[in-house]
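Engineer: Let chain H serve as the given structure and place chains A, E and B on it in line with the hints.
Chain residues, written in single-letter form:
There are 4 protein chains.
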Amino acid sequence: MVITMKKQATKDQIDHVVKEAQACGLSAHLARDGERTVIGLIGEKAQLAARDWRSLPGVEDAQPAQHPFKLASRQYHPESTVIRVGDIEIGGGEPVIIAGPCAVESREQILEAAHQVKAAGAHMLRGGAFKPRSSPYSFQGLAEEGLKLLAEARRQTGLKIVSEVMDPINLPMVCEYVDVLQVGARNMQNFHLLKEIGKTNKPVLLKRGMSATIEEWLMSAEYILSAGNPNVILCERGIRTFEPYTRNTLDLNAVPVVKDLSHLPVIVDPSHGIGIAKYVPAMSLAALAAGADGLIIEVHPRPEEAVSDGKQSLNPAMFRELMSQIRPRSRMLYAARG
Amino acid sequence: MVITMKKQATKDQIDHVVKEAQACGLSAHLARDGERTVIGLIGEKAQLAARDWRSLPGVEDAQPAQHPFKLASRQYHPESTVIRVGDIEIGGGEPVIIAGPCAVESREQILEAAHQVKAAGAHMLRGGAFKPRSSPYSFQGLAEEGLKLLAEARRQTGLKIVSEVMDPINLPMVCEYVDVLQVGARNMQNFHLLKEIGKTNKPVLLKRGMSATIEEWLMSAEYILSAGNPNVILCERGIRTFEPYTRNTLDLNAVPVVKDLSHLPVIVDPSHGIGIAKYVPAMSLAALAAGADGLIIEVHPRPEEAVSDGKQSLNPAMFRELMSQIRPRSRMLYAARG
Amino acid sequence: MVITMKKQATKDQIDHVVKEAQACGLSAHLARDGERTVIGLIGEKAQLAARDWRSLPGVEDAQPAQHPFKLASRQYHPESTVIRVGDIEIGGGEPVIIAGPCAVESREQILEAAHQVKAAGAHMLRGGAFKPRSSPYSFQGLAEEGLKLLAEARRQTGLKIVSEVMDPINLPMVCEYVDVLQVGARNMQNFHLLKEIGKTNKPVLLKRGMSATIEEWLMSAEYILSAGNPNVILCERGIRTFEPYTRNTLDLNAVPVVKDLSHLPVIVDPSHGIGIAKYVPAMSLAALAAGADGLIIEVHPRPEEAVSDGKQSLNPAMFRELMSQIRPRSRMLYAARG
Amino acid sequence: MVITMKKQATKDQIDHVVKEAQACGLSAHLARDGERTVIGLIGEKAQLAARDWRSLPGVEDAQPAQHPFKLASRQYHPESTVIRVGDIEIGGGEPVIIAGPCAVESREQILEAAHQVKAAGAHMLRGGAFKPRSSPYSFQGLAEEGLKLLAEARRQTGLKIVSEVMDPINLPMVCEYVDVLQVGARNMQNFHLLKEIGKTNKPVLLKRGMSATIEEWLMSAEYILSAGNPNVILCERGIRTFEPYTRNTLDLNAVPVVKDLSHLPVIVDPSHGIGIAKYVPAMSLAALAAGADGLIIEVHPRPEEAVSDGKQSLNPAMFRELMSQIRPRSRMLYAARG
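Residue numbers (the UniProt record's numbering), protein chains in the order written: chain H, 1 to 338; chain A, 1 to 338; chain E, 1 to 338; chain B, 1 to 338.
Hint data in this document are derived by calculation from the structure and do not stem from the laboratory. Just to be clear, a hint being listed does not mean it is correct.
One copy or two, it doesn't matter: identical chains are merged, so the pair holds either way.
Listed next, the in silico DSBU-like pairs over lysine-lysine satisfying Cα-Cα at most 30 Å (straight line) [unchecked claim]:
id : residue 1 : residue 2
1  : K7        : K45
2  : K7        : K278
3  : K278      : K6
4  : K6        : K160
5  : K148      : K199
6  : K311      : K11
7  : K311      : K6
8  : K148      : K195
9  : K118      : K148
10 : K199      : K311
11 : K311      : K195
12 : K199      : K160
13 : K45       : K311
14 : K7        : K160
This is chain H alone, in the form it adopts within the complex (with noise of 0.2 Å):
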């Protein structure tokens, strides 16, 4: 249920709603909408038909809620989200560009790597300490001592650290280190590990799943919403589909629509999202075009000697030149959206 307040209601009138809510055993919820309050209002349908919203004073209207997802839609939260790292704002106009290597290979790597996507405008650096890969055999990652060289990373160059948490054990240490988590695309419903976010405060970027439906994206939004962390930036990566030549479909159909669902923030990963480096510019442009709040991108100091994902991993000159094009054209796709 989603009631909006009256321009002129007063502190008064919001509260009483919201006293109203708890004693039907609902949780309520404040946004803005423009000048009005926004309640929104979460529970089992008997409790939402308890009562009779509309006839409270200060209240304008109270409609059912449209989606399965709550706190996530723009009908319980119009205004759009901005999520602040430090100086930056995700969703706040200007492109976020996070950039760096697919995985923390050893201090000379990542520190190279680090220098060389600050110098060419990136706000934040990615690189996993922990890899989620489908062999046993694979390279698994640096662990802690991945997360210290990220640490080191931001230390000389003042990037924040993007980096992927993958269980709740390992929850309290890589919050310690890095600016903003990241949940990959196979935990997207990992409910425990969600949850677990959603007791913390970090922002988190929320990988769509392989083959996870918009909706069902936005609800795993919702169950770190609902376990209250507003910080949720979603991250749209490529769906499954049946072409062989890239390695995924990037979904870019996923951007206006998740925008006009949800008021969170949207970055795109074009690296996962195409998988071959040369197309990724491309596809960068393409994102931001469709709306896109930032990109995330692979950078490799040397793509042909990376340890995982060489073959979609920019390379600095390739990034540099890419960081050119987005400059003026975000500048002027920015002014167009006002």
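Structural biologist: Chains A, E and B alone, transformed into the frame defined by chain H:
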């Protein structure tokens, strides 16, 4: 087999290679790669191996074919193909915009639509006279009457006409009225139709099948090219995936891939690709940013009254607004590509 | 609209309903549901609502159509359809086995194959004279020469002939030679072809398109039925998914679903459905257990020499072994269904 | 690398190969192929190439690995694995039937279900105590209370218990109560969970992920096997495709493929695989005919009251009827396989 001649190769040397190829039972196709001539040979393995092509005078190099498609590949035809329809160039650097209703419904409707899209800056008019419908009980199009109305719209507006041909029997009639033939997704592997179109010289917009791989799509282009018609325009219109929210999944990955593998121009159909009118503008801009040579967009004077595809049709105001965003952007995007 | 007549309804009462329907501009189709007559009405909503059908004498009930397909649905035609090809009954309780090579390659090959599958117990011979190939450079079939060889194989073995027709132009010629027309997966929505086949009375094996939904498949059957040909046999042959190990994903779910939604018989093609010969027997048995009315299996005298589809063709010994497993099983399976 | 010892190889010769392998840093795994011993070696390419394994005494042959999965492959372990749960053998020739409700809802419900499926002939009881739900607002299971009720059902009926474990933290608790751990489709690539399960000795039913390839599924089995737990049972439960009529597309192709590539037993879940109760019996029979070692079927005392998955749950009468069809059939099917 692809033979690259030396820059200074003479016409006689080129003719000599062609004659030798024909003597081996091969077909030979000439194309340009900057200042060099490229000769593509097509035939059986044994025939191709019958000669040491590198030893012929004027030959610089000879390489086996990298793909099952030959005439459609950049290897056989390194320079991008520009297809001319009157004074419109498809693939020439400036995005070409084709717009109009799903189906020709009446004289009034198609003329109104034609004037509206013309005023907004479209280059060509689309409109189906023969409609492939999943149900035998649905409107199947006005047939020749529809083609005549399209021709009248051309006379009134100067817009070139794109319309679908569904079977070889009606091909001569459709050719009489339209400037560009359209082959629909369901007919992408209607090989008899492709061969017959290959015998004409009409430009043809070849839509990708709903679950066709990129390779299969280029092989369908190969059917038309190898039958003698070089004027093939590829059209990405969304593929079928598990995602239920959108009508199809627009595969923009296909744009940079096909532009790399093939010399043929690529047009994107965001209307079918996402299937919901309010999201079409975002996907139009994304398609151009990905490198598309143009767009084909459904526009109806009154989408809510459309006999088919109303849900995905822009109204004239939305189309005007989109065109005002495309114009400056395309200038910059195309400048950048230079 | 489906009208169920009372058990004791007279012929006059039935004729009266039909005449009333025609007077409203509806087409009326008669079928049996045990001892009752069922009258299916097809037309526009307004026409259907023009009358209170329940008030006509002899009418027991009138229900709106549940599906967009009408003549193909069990609602319109409650009794299972049995299609007779000579003395073979498809849908009659005993599984029908169609076997033979992908393509007719030579007189020797098709006659050898025919004798082999006949000896093993097959009921019909398959073999393509017109082959839909993704490449214009691949073998396209022997055309009429192939059809003549199939006819000769029929004379020698008594086996009925199933062969593909790819376009309306060749339809009269193919009809002259074959007992069952095959419409391939790529042509499932070649509506012009479907309409033309609908004007004949030939049994037709309608393959499901590579990414066709069950509903679309039944709508294609509806094209043939509504044009006047009641002899449609559905053929599940695998759908396109992300799984690369098998050629297609045989969708056996479709068998019980279609047998429930429709009265038409269903044949399964495990050869295309899995694409690897050694796994075809397991999928053949699974298809029959799921409720299929028969199988169409690729068998080649020497699969390793086959011009096409050798990888998925059984050799004669494998086919004999499979037939020896099918025979007792089918007796039991069909007894159980009784 | 797979080393096949001679039939007459001595224990000393086998030990010698193992020691040499360990000296090269490889792990060595012994299995039987009829009368021969097979030694599977796992390690880096350089380590595997360090020795000429064929020259060691008692060695007949040494072959490189054919697949990225090793311990899960038939090459490394030629004999089919039979997993014992009490006196039940999974993979032993007789199909094993696991039945019960989606979730443990109450003491009354689970005990009633247990007695019903026991009476009909089931071998094990399924029931979720921890439920992975797309919505955080849906019933998440009774947790330990549910496990206790399952244990009580075992005491009353003698049925072995299968229940899902969703994260490593609850693993010790779940192990205490259940006989077979279940890993759900959403957790197939929760690698941390797989590794922890690999450290136990509990049999584990590993469901295929919704869009997991067969190779990825076997790689997930490899995670468990390589961590030390040999008791992996694979479970096909349907993949995600474009078809909207059924919940998933049951991929029975996977049954013969996996039985060929791997020595592990395969169970099929037709309830999730098709998602509609009335079609579950047909798909159960099809799964056994395809070669499955057993079935896991949702049965609820009153499906219409089920908290989850009621639409796909058989009622007790439907389950009894299905069991009466499976019994004679399985005898014959398994006899045939001999």
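Engineer: Since the copies are identical, ignore which copy is meant and state whether K148 and K199 lie within 30 Å (CA to CA) inside a copy, between copies, both or neither.
Structural biologist: This pair counts as both: shortest intra-copy Cα distance 24 Å, inter-copy 29 Å.
Engineer: Under a CA distance limit of 30 Å, which applies to K311 and K6: within one copy, between copies, both, or neither?
Structural biologist: neither (55 Å within a copy, 33 Å between copies)
Engineer: From the Cα coordinates, with 30 Å as the cut-off, is the pair K45 and K311 best called within, between, both, or neither?
Structural biologist: between (51 Å within a copy, 21 Å between copies)
Engineer: Is it within, between, both or neither when you check K6 against K160 at 30 Å Cα-Cα?
Structural biologist: Neither: 41 Å inside a copy, 53 Å across copies.
Engineer: Can you give me the call for K7 and K45, within, between, both or neither, at a CA distance of at most 30 Å?
Structural biologist: within (28 Å within a copy, 46 Å between copies)
Engineer: With identical chains, the pair K311 and K195 could be close in the same copy or across copies; at 30 Å between alpha carbons, which is it: within, between, both, or neither?
Structural biologist: between (34 Å within a copy, 28 Å between copies)
Engineer: When no copy is named, should K148 and K195 be tagged within, between, both, or neither for a Cα gap of at most 30 Å?
Structural biologist: both (26 Å within a copy, 24 Å between copies)
Engineer: Could you figure out if K199 and K160 sit no more than 30 Å apart (CA to CA) within one copy, between two copies, both or neither?
Structural biologist: Within one copy, since 22 Å is at most 30 Å while 37 Å is not.
Engineer: Check K199 against K311 for me: Cα-Cα at most 30 Å, and say if that holds within a copy, between copies, both or neither.
Structural biologist: neither (37 Å within a copy, 34 Å between copies)
Engineer: As a check of your reading, is K7 near K278 (CA-CA no more than 30 Å) within one copy, between copies, both or neither?
Structural biologist: between (52 Å within a copy, 28 Å between copies)
Engineer: Using 30 Å as the alpha carbon limit, work out where K7 and K160 are close: within a copy, between copies, both or neither.
Structural biologist: neither (39 Å within a copy, 52 Å between copies)
Engineer: Within, between, both or neither: how does the pair K278, K6 come out at a Cα-Cα threshold of 30 Å?
Structural biologist: Answer is between; shortest inter-copy Cα gap is 29 Å, intra-copy 53 Å.
In this structure, the earlier hints numbered 4, 6, 7, 10 and 14 are contradicted, and the remaining ones agree with it.
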